[in-house]
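The whole structure should be built from the sequences, with the hints applied where relevant.
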Amino acid sequence: MVNLKKEVEGKKLRIGWFSFSCCEDSTIVFTELLNDYFEEWSKFIDFVYVRVLRGKNKLKDLDVAFVEGAIASEREKKKLFDIRKNCKKLVAVGSCACTGGPSAQRNTFPKELEKEIEFLLRKFHQTDRVHKLEDLVRVDAKVPGCPMSEEKFLEVLNQMLKEFGIK
Amino acid sequence: MTIKKVDISIQDISKIEGHADLNVKVRNGKVQEVKLAFTDNKRFFTQAIRGQSIETLPQAVARICGTCSLAHTMCCIEAIERALKVPVSEQSKMLKKLTMYGLMIRDHALHIYLFALPDVFEKDSVLDFDGEETQYLKDSFDVKRAGNKLSTVVAGRAVHAPYPVPGGFSVLPDEKELKALIPELKLAREKVMKVLGVYARCDRDYTRATKFVALAGDEFNFLGDYILTSDGEKISEEKYFEHLEKVVIPYSQSIGYEFEGDTYMLGALARLNLNKESLHRNTKKDCARYLKLFPSNNIFLNNLAQGIEIVHAIDHSIEIIQKLKLTPEEPPELHYADCSGVGVIEAPRGTLFYRVNLKKDGTVKDGTIVTPTQQNQINMELDIKKIVQKEIDRGTSKEAIQYELEKLVRSYDPCISCAVHFLKVNWI
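Protein sequence lines correspond, in order, to chains A and B. The working numbering puts the first residue of the first sequence at 1, with every later residue one more than the last. The working numbering puts the first residue of the second sequence at 1, with every later residue one more than the last.
Since the hints were made in silico from the structure, they are not lab data. Please read these numbers as outputs of a predicted model, since none were measured by experiment. Take the hints with a grain of salt, since some may be wrong.
For lysine-lysine, the following DSS-like pairs were computed, each having C-alpha atoms within a straight-line distance of at most 27 Å [unchecked claim]:
1. B/LYS138 x B/LYS194
2. A/LYS58 x B/LYS35
3. B/LYS97 x B/LYS398
4. A/LYS43 x B/LYS123
5. A/LYS11 x B/LYS186
One side of the interface only, derived from the structure: several residues of chain A facing chain B at Cβ under 10 Å [as the list claims (entries may be wrong)]:
6. ASP36
7. SER42
8. ARG54
9. LYS56
10. GLU76
11. GLY94
12. CYS96
13. THR99
14. ILE117
15. LYS123
16. GLN126
17. LEU154
18. ASN158
19. GLN159
20. GLY165
21. ILE166
Derived CB-CB ranges, DEER-like [unchecked claim]:
22. B/LYS25 x A/HIS125: 21 to 27 Å
23. A/GLU118 x B/TYR251: 17 to 23 Å
24. B/TYR336 x A/GLU151: 36 to 42 Å
25. B/ALA209 x A/GLU134: 21 to 27 Å
26. A/GLU112 x B/ASP338: 18 to 24 Å
27. B/GLN52 x A/LYS152: 25 to 31 Å
28. A/ASP36 x B/GLU90: 33 to 39 Å
29. A/HIS125 x B/ARG27: 27 to 33 Å
Here a beta-carbon is modelled for each residue, glycine too, at the ideal position from N, C-alpha and C.
Written out as structure tokens, the structure reads:
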């Protein structure tokens, strides 16, 4: 087992926040949590890759990647693999990341609807099926809910802060 | 030295809702091609809603977009109410307005503080603010929180709200909780007034003449009553779709729209351009110096318009809450029939259109949804083209042009999740 404890005092948890195929409702819940927690979090958390907050984001050496949304295209698949390579822990956030749906609703379309959307799947290089994250990569923790449960998110975040020896 | 030949490619524009790529081609000093591609994957809601229960439809369509979920729910409910001729009480109408105001306060604040304000201060992120700027980050939390709480008390949650249903609300808010929001709303108002000054002082100019379209009426409430255009046309909600023409954008996961052959712009700027006289009297009084700037063709002022709309949403919410005496009432029973209904509301980013075709067995036959960002897409490309040409002619560097384009796109506050929600089969 990898020892994740940091030895350096004052070290912050390097987090990333990523969105794939979904309505980005958990991103909104995250930006709303900032209303009450930003001051506290800014002492412990380094927002390294958060597209809603930063223009210049670097996908490198993340401690924790929070990933929202299901995977529906080759482009998304490749990005997810990249994220997995560059983070120590990956957390699936929200219903689409944890279970696939509702973004995976096309997986259960009847034949005639499948036929109706087929040419678009090809045109935009979408995968035949929409995947939840753990179909493709190792997922270390989950925050379910549509949108994500705030309580569970705080619980997982605090757990990560502990695991990395930051708080 | 003026750039003669350049390809600008921005992948995954940041600080917007959803994902978009932008590609610009310049040859012989002239912009040849602008391609703004919305890259979120289609999630096929238009197919998925077929056969669904009418009662669960407003909740299902909320999942088209996290940040505008309340707009989708409310527009869908309006379409169902019209189709099934569901009576809506005066009390429910007031609660619907409060629901829309909560959405506007939170959603606009996310944009004008977290997404767009770094552009004004020439910073990459709100996290990089220093000195006096940091106050605006703190202010953003107070303003967003006030909107979030208003939505939560009235509609049950700020994202995917459970209480609104056709004909009313399944759970009524607690009057005490509602009244307790007033001090927070007043605090948020003070904060927003400060940021209006910041935007008004910024002289960024993205002017290009275009057509503006918005829902308007005697009251500025995002729910009615008719559609106005900057050409003076007045259109009923039922007829709105007849004026729109679909445009295939082959490189984008979204289709675009033209209004009677013209490109057009929707959103806060359009609403203020067309209907500022209907704003709340307190908003008109305190924002008078900013309201003089409208009507305007400067897309950058969309940010200021959103800020003014927050002030209005707060002013009218406070008035409604102070007067509201809630009486217990149940939402009316729905009587299913084979029928159709249209809903049109103003979502944060502009006019949102729903048509639902319903069946007497209580299920949805099919539906049509037209979102604001789809309708703004072509207009955005034309603005981008103009700005690139202007900057090329001024000898601006490629990097500076690229940054300018991101700022322009962010001024629109595009919502890509909404734009790519569905497909049309005759798309090729």
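Comparing the hints with the structure gives:
no., hint, in the structure
1, B/LYS138 x B/LYS194, "holds (12 Å)"
2, A/LYS58 x B/LYS35, "holds (25 Å)"
3, B/LYS97 x B/LYS398, "violated (45 Å)"
4, A/LYS43 x B/LYS123, "holds (21 Å)"
5, A/LYS11 x B/LYS186, "violated (39 Å)"
6, ASP36, "holds (7 Å)"
7, SER42, "holds (8 Å)"
8, ARG54, "holds (4 Å)"
9, LYS56, "holds (5 Å)"
10, GLU76, "holds (7 Å)"
11, GLY94, "holds (9 Å)"
12, CYS96, "holds (9 Å)"
13, THR99, "violated (13 Å)"
14, ILE117, "holds (6 Å)"
15, LYS123, "holds (8 Å)"
16, GLN126, "holds (6 Å)"
17, LEU154, "violated (16 Å)"
18, ASN158, "violated (20 Å)"
19, GLN159, "violated (24 Å)"
20, GLY165, "violated (23 Å)"
21, ILE166, "violated (18 Å)"
22, B/LYS25 x A/HIS125: 21 to 27 Å, "holds (22 Å)"
23, A/GLU118 x B/TYR251: 17 to 23 Å, "holds (19 Å)"
24, B/TYR336 x A/GLU151: 36 to 42 Å, "holds (38 Å)"
25, B/ALA209 x A/GLU134: 21 to 27 Å, "violated (52 Å)"
26, A/GLU112 x B/ASP338: 18 to 24 Å, "holds (21 Å)"
27, B/GLN52 x A/LYS152: 25 to 31 Å, "holds (28 Å)"
28, A/ASP36 x B/GLU90: 33 to 39 Å, "holds (35 Å)"
29, A/HIS125 x B/ARG27: 27 to 33 Å, "holds (28 Å)"
This entry does not satisfy hints 3, 5, 13, 17, 18, 19, 20, 21, 25, going by the numbered hints stated previously.
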